[in-house]
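Given the structure of chain A, go ahead and fit chain B onto it with the hints provided.
Those protein sequence lines, which keep their order, are chains A and B. Position 179 (the first sequence) corresponds to 179 in UniProt numbering; numbering is contiguous. Position 17 (the second sequence) corresponds to 17 in UniProt numbering; numbering is contiguous.
Copies of the same chain are indistinguishable here, so a pair counts whether it falls within one copy or spans any two.
Subject to a maximum C-alpha distance of 20 Å in a straight line, what follows is the list of computed SDA-like cross-link-like pairs (lysine to any residue):
| hint | residue 1 | residue 2 |
| --- | --- | --- |
| 1 | LYS178 | GLU132 |
| 2 | LYS178 | ASP135 |
| 3 | LYS128 | GLU165 |
| 4 | LYS128 | LYS178 |
Simulated from the structure, these hints should not be mistaken for laboratory data.
Number of protein chains: 2
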Amino acid sequence: MSGTSPPRFDEAFAAQFAELLAWRRDVRRFRREALPEGLIEALLAQAELSPSVGHSQPWRWVRVTDAAQREAVQASFARCNADALGDYEGERARLYASLKLEGLREAPEQIAVFCDHGTAQGHGLGRKTMPEMLDYSVVAAITQFWLAARVAGVGVGWVSIVEPEVVRTALGVPAEWKLIAWLCVGWPEADSEVPELVRAGWERGR
Amino acid sequence: MSGTSPPRFDEAFAAQFAELLAWRRDVRRFRREALPEGLIEALLAQAELSPSVGHSQPWRWVRVTDAAQREAVQASFARCNADALGDYEGERARLYASLKLEGLREAPEQIAVFCDHGTAQGHGLGRKTMPEMLDYSVVAAITQFWLAARVAGVGVGWVSIVEPEVVRTALGVPAEWKLIAWLCVGWPEADSEVPELVRAGWERGR
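Isolated chain A (complex conformation) (with noise of 0.2 Å):
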């Protein structure tokens, strides 16, 4: 793919690439069949190119196909989704209840991603003052999945309303391994270049 002499990227490859940015979006509606096999792999291996601490590349992208271990998650979801509204009054609450947040039920491809603080490689440089780079490297990667799956014109939504222990406990993943996001992933339902949030008036009255 890559050459020996760095590229030149031109203008009409840049304005491609901010449609890219622009349309990007954390999507939430997903058609229910299934991605082409090795598509999922050649976008990791494309997530994989993102920077990471010292050269640690802590990403550890685990694919759930099971049902029961779906469900656990699908529960932790239900779980803190009713937990935040009750923090929510009035107007908000009734909005907050109106959105959609996660696909969990329909997208056919569903990655636990986990940040290994176990890792050995990258002999812990970069990470002494700020710790957190090692975290900071996994959402790296995560980021560069979502652009590289908006390519293919796959969609993805990042889940953050469950409880990361629960996750792992599930999973039966290290107890090293830290839970950096839930990923729901497959063809979207419609694009928008505008997020679902701001369509749906969440900051109104802020």
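Only chain B this time, still in chain A's reference frame:
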């Protein structure tokens, strides 16, 4: 830039996008000449198309031009780097001492990036069980800034070997702003698709 119907990205774009990811790199060797007027603002506008939890957009960018402020950060790096060197022994200490880990003295643009923990935007949505999502939103924006910069041929280096509190105090930012990154930005002296730490053999003998 973007129309009302979603863009379709063709194979030529996808191939160039893959090259962008491969050649992004953390840059530590910069030419000292200034960047064209308005370029940083354009790149930050692209970065701000990034996803953020609850549409909170908590990123705060501080372009640092003051010589005394820059020197305070260089001094912080020098302290932290000497301290980190003390953690390594023998051949690895020799290797660490030989690494060029930042371009603090050469990069014409220096940007401190903070997460505003005091923001009311987003009304707390999506970060009750994972409050760290606010910081992650800033990391995603930095990742997009990095890629947008590379599209324009501009290099970015993320410096984490500093004391966050020293940086915050030197810049006089509000107490609720958390330092996420110190970015060195400028034209790179040379491009490579191989990370500097890999070229230096930092992972050997792990």
